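A.B. asks: Chain residues, written in single-letter form:
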Amino acid sequence: MEKILEVKGLKKHFRVKGGTLGKPLMARAVDEVSFDLYKGETLGLVGESGSGKSTAGRALLRLIEPTAGAVIYRGTDITTLRGERLRATRKHLQMMFQDPYAALNPRMTVGEAITEPLLTHKMATPREAAERACQILEDVGLSAEYYYRYPHEFSGGQKQRISMARSLAVSPEILVADEPVSALDVSIQAQIINLFKDLQAEHGMAYLFIAHDLSVVRYLSDRIAVMYLGEIVELATKEELFANPLHPYTQALISAIPIPDPTAKKDRIILDGDIPSPTAVPVGCRFSTRCPGCKPECTEEHPGLVDFGGHWVRCHTCSAEVAP
Amino acid sequence: MTRYVLSRVLKGVITLLITITLTFLILRLLPSDPALMMLGEMFTADQRQALIERFGLDKPLLEQYFIYLGNLLQGDLGMSFYQRRPVMEIIQEKLPWTLLLMVTTEILTMVVGIPLGIYSGYKRGTVFDQIVNAVAIFGVSVFVPWLGFTLLYFFGFKLPIFPVGGAYDVGTEGFARILDIGAHMVLPVATLMVIYLANYVLYTRGSVIDVMEEDYIKTARSKGMSERRVLWKHASKNAMIPTVTMAGMMLGQVVGGAVLTETIYAFPGIGRMIYQAVGQQDYPVLQGAFIILALSVIVMNIITDIAIVYLDPRIKLE
Amino acid sequence: MNQRPSLFSKWEKEIKAFFRHPIGVIGLAGVTFVLLVAIFAPVIAEPVGGYGIFEERLTGPSTSHAFGTDDMGRDLFSQVVWGTRASIKVAILSVLTATVIGVPIGLVSGYFQGLVDTVGMSLVEIFLTIPMLPLIIIVTAVSNATSINTVAVIIGLFSWPTIARITRSSTLQVSSMQYIEAARCLGIRTGPIIFKHILVNASTPVLINLTIVMATSIITESAISFLGLGDPTTFSWGKILHNAHASGAFASAWWFSLFPSIAIVWFVISFNFLSMGIRDALNPKITRA
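Chains as they are written, first to last, in my numbering: chain E, 1 to 324; chain U, 1 to 318; chain X, 1 to 289.
Do not take every clue at face value.
Distance condition first, Cα-Cα at most 20 Å in a straight line; then the derived DMTMM-like pairs of lysine to aspartate or glutamate [said to hold, decoys possible]:
(1) X:K196 with X:E14
(2) E:K91 with X:E181
(3) X:K13 with E:E153
(4) U:K11 with X:E14
(5) E:K91 with E:D139
(6) X:K10 with E:E112
(7) E:K8 with E:D36
No lab work stands behind these hints, which were simulated from the structure alone.
These numbers were taken from a predicted model, which means no experiment stands behind them.
Take the sequences, apply the hints, and build the full model.
C.D. replies: So this is what it looks like as structure tokens:
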């Protein structure tokens, strides 16, 4: 498979109020995140609130500026690009947002929203852009008649379709979806997720699908990365991850997935405490404060990401349990 | 807190400096020659030259600026063109009258306006509130000179209850003099109060309405708190914070807010002084008045800001 | 596809909300009335000027002079009617000036923030500290401003800070919305982002302040004319009152000061009501109630 994106050592630290003049207080939202993305694949990125997944997605696209790291799209490190070159490259990497109500300009018609990027990048004449917009609307399951309507006339699910249409307009190769279904009703979620799948088959886009719900991610993803407190703690193919979760955090997440069968026996792993603040990251393994299997070495040494044949884990205790 | 006070005062000083500089520049960049204006065209060229030298009007701009600043620090605001005496002297005569007028207005306005506004906002929608609101809107829009005229007409001429101008009648002494001044002040204060009161009521009412919508009021009520306690303990205190801001703003106008009123009633304050100076083209007086005005506004703003920070628990100083 | 939407449909929700409130509609009606009088002034009344008929001076309202005559025998009805033109001119010019200066400063401060914002807002604060009326008086006196247009521009020059401030806070709010982030993500240039996306959505609160500035500009102009400054040839309402005061006639001729004052109050209240109507139309809480 063709590797189209390489993220290396992505870091985003925020300066936060507090701390003294000499030593400012930093929130280490994203710390040394690295992964690859292949053409047409879906990489799921899961984690709880505060894990840094949304920040990683934004930093990746330079919607917020990374503190450090490289993001190499087809050989070009986009963190070094500026001005017009950066703008032109944006065509290929798009984002979908979580809140359907905030993601669309309320004073712009649907048609205007979709044709705007086409015209900006000079990808079509106004007439062609309008035709293309109608086409895209049909692609995402909406009627071309909605061209002159305003966002407030639509439901949440429809709004997300419009956002999708807008992103599709520039024919991106990579789409970062930041919790695109979290704000929708469950029944609508399924529709939108299927839309994602259909569009991927049709247009061959790669997805970075960010979510906090593993069951949502499970359906769409080829591979899944689990994030905790700014770091990737596990990365594997979907099948591998669910069959053989290695990291204790992943295990807890999976055990928390509700099973719609009252008779099924559940061994829920309930974690102690809350996720620590990104301003006070634990020494050693970041999960050590909540890990049921915490050993002395876990609070001293920070574990690196170890590769067990395509299945990566960041955990000291896991080296004993090697994947077959 | 001390750090905030210091930084706030510093900001005020900088603002004052900029204001002074602006005033200086405006007057120096006049299309006409200040010396000419001062002397008229009746003097010979030699005499003009002598006067120019005396007042340093031929030195470079920058030097004039520093001379100006130096003078200011010593309290020298220059010489009035028209009255041929120090501007500071004139201001010292007029300022107490304006202060008397404005402070009285302020106090009366607050005493009447705040309870009125609170009660009106609390009883939002009732007939009482609607009347108060309507009157207040009208009061804000009224034109001061007309109001002054009307009051003068009715209470000064038609029914000569109050005197028609000045601050006092010549010849009164002691306690009688105080009463006389009071009588002279009634109409101007009434005129000023209409606008300030209207502003106050509208503002307080508005902030009470906003506060009453807040969830913590509903919580207090559902806890079984009596309406009166809700009003006093919760609503009033929080609604007061914007009111303090407003009070500060109005105090800031303590020196300059009465230009029109003083003119109409021939009240011998700073406002009237400005009006006369304009007619006499007495620029040093205008300049001096302006600086005093700016100074008082800046001081008031500083006091208000500090008071707000002290009162509002939500503001955290870093 | 159905028909192209008009400007109306972009703001459809707000316009409908506006017309549901009597206060705003009353204000709009009041303003429209003044506008019509100003436009049709030549039809309604004779132009004013020069000296009137000496024998007719200071006569009260009658069939030949609806509002009476002034101290020179000039018809006051004509003066008040033609005064609407001066007022409209002042309101429009001052707001135009304030907008042209204030909106860009507010936009830029709110969008780029940082140093630009600090500089912009410091400027605003300085202007807001300085008491406006005395400063306007001084500037008008000193610059020998004799045209009413100049006075209007000067008033605008001192009104821009409030506009800048509200533009800035509105811009800040809009800038944090995700559709702005989306626009950047799509590669839209900064210029179109600011003007097409931000300005359009941030402008509605600014409108409230604009109508308020229109109201206060008239009060200020009237005050200035009343004090004898400003345009000696134009008959603004403040000027009429100046004549009333200067001639000493106000004590006896109540009509002299009453009618121009009513005009002023009408104008100001109409704009105040209009601004209240706009504010209520934009506030979802009150609209629902």
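A.B. asks: Now, for every hint given, state plainly whether the structure supports it.
C.D. replies: Hint check results:
{"no.": "1", "hint": "X:K196 with X:E14", "in the structure": "19 Å, holds"}
{"no.": "2", "hint": "E:K91 with X:E181", "in the structure": "15 Å, holds"}
{"no.": "3", "hint": "X:K13 with E:E153", "in the structure": "11 Å, holds"}
{"no.": "4", "hint": "U:K11 with X:E14", "in the structure": "41 Å, violated"}
{"no.": "5", "hint": "E:K91 with E:D139", "in the structure": "19 Å, holds"}
{"no.": "6", "hint": "X:K10 with E:E112", "in the structure": "12 Å, holds"}
{"no.": "7", "hint": "E:K8 with E:D36", "in the structure": "9 Å, holds"}
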